[in-house]
Amino acid sequence: QKEVEQNSGPLSVPEGAIASLNCTYSDRVSQSFFWYRQYSGKSPELIMSIYSNGDKEDGRFTAQLNKASQYVSLLIRDSQPSDSATYLCAVNMLTNDYKLSFGAGTTVTVRA
Amino acid sequence: SAVISQKPSRDICQRGTSLTIQCQVDSQVTMMFWYRQQPGQSLTLIATANQGSEATYESGFVIDKFPISRPNLTFSTLTVSNMSPEDSSIYLCSVEDRANTGELFFGEGSRLTVL
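Listed in order, the protein sequences are those of chains A and B.
Using our numbering, read the first sequence as starting at 3 and increasing by one per residue.
Using our numbering, read the second sequence as starting at 1171 and increasing by one per residue.
Same shape as in the complex, but just chain B (with noise of 0.2 angstroms):
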């Protein structure tokens, strides 16, 4: 499996400001997936972020509100703009099995409080 290392594991924002997560993944891969985990609740899809084109955006999730980069295979970016209290969640990156098997690789996970 691959190792997914992502930065910051944890932080306490202010309401309004921006804060942008780092994914880095020590194999080339084809896509990356960030999805959110509100408190108590379980993996919501955000987006697919494929090297080269814009990122897909899952029903509810818009390019305004979490700009994403992917400027190449190993590396992804997801800002979680204007946040709010109810952005307050950990937000994780991951990647597929290199095999295609459908089995998904998390990063470790960042924790994001907004005040």
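Chain A on its own, in the form it takes in the complex (with noise of 0.2 angstroms):
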């Protein structure tokens, strides 16, 4: 089993819509949770952190956290074109030592 897995992509929603991020990890203590935007030829960008259970806002971001069921989500709302990008999930894993672990990303294509 990797050790974060995101939903495979690409997804592809209407500008407007949500678009919805899935992604599980395999280290039941983990306690820091990450999601990192990257444009095509950048770097990745922090866009959101989250470390209890519950849900996050932040502007039309919206981290979403079960640890019983060790998922961690992320909903974009009204969707815009400049949203169209790489999104990974991170998580510090004491399986490696706390570094953060990233998940293989899920590609984003918001359709004008």
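Accuracy of the hints is not assured; some may be wrong.
[Claimed, not checked] A few chain A residues facing chain B, derived, Cβ under 7 angstroms: (1) P46; (2) S51; (3) N94; (4) K101.
Everything labelled a hint here was simulated from the structure, so no lab data went into it.
Cβ coordinates follow ideal geometry from the N, Cα and C atoms, glycine included.
Build the complex: two chains, separate frames, hints provided.
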């Protein structure tokens, strides 16, 4: 089992719709979870961090964490063409000395 | 967040040569991390560089191939030695958020193409 798994893409959504990105992780004691956005040819940019169960909202982005299910998600509301990018889920894992483990990423395309 | 500068931003290299990537941070940081992102792939940690000590390498990465220097708290270099086409990747320098939240911030990356 991969340490951090994301739903396979690419994900294509129309402008204005909600994009839903999912991520599961293998280390039950992980405490810190992050979503990064990476535009083509650019480096990853942190967009959300979440540490407690529940929802965390920041503008059009909502991160949801369920530690019991070892699941973290990212919702992008009112998707815009500028949201077209690859989204990387990252988890601090005890099994990796608390270093960040990254998922393979989900590529999102927002259709105008 | 820290401002992280990397150079070169890109280079085309010949097989068998070596290239050194520099990473400069605008503030003092304890640990600096070097990642590799192969085409179409996610990020893989190469090593963690602490000032004043040997870098710690992840499984699959060795010092002879990826020597790292960390002469002070704001600077590090990664050398990719004896390059082959399989080393064609983006190499990223990163540092942790000062509040120790676990958040990582990345430099712009160095895109290497090995012919």
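Hints and how they fare:
no. : hint : verdict
1   : P46  : holds, 5 angstroms
2   : S51  : holds, 6 angstroms
3   : N94  : holds, 5 angstroms
4   : K101 : holds, 6 angstroms
The earlier numbered hints are all upheld by this structure, with none contradicted.
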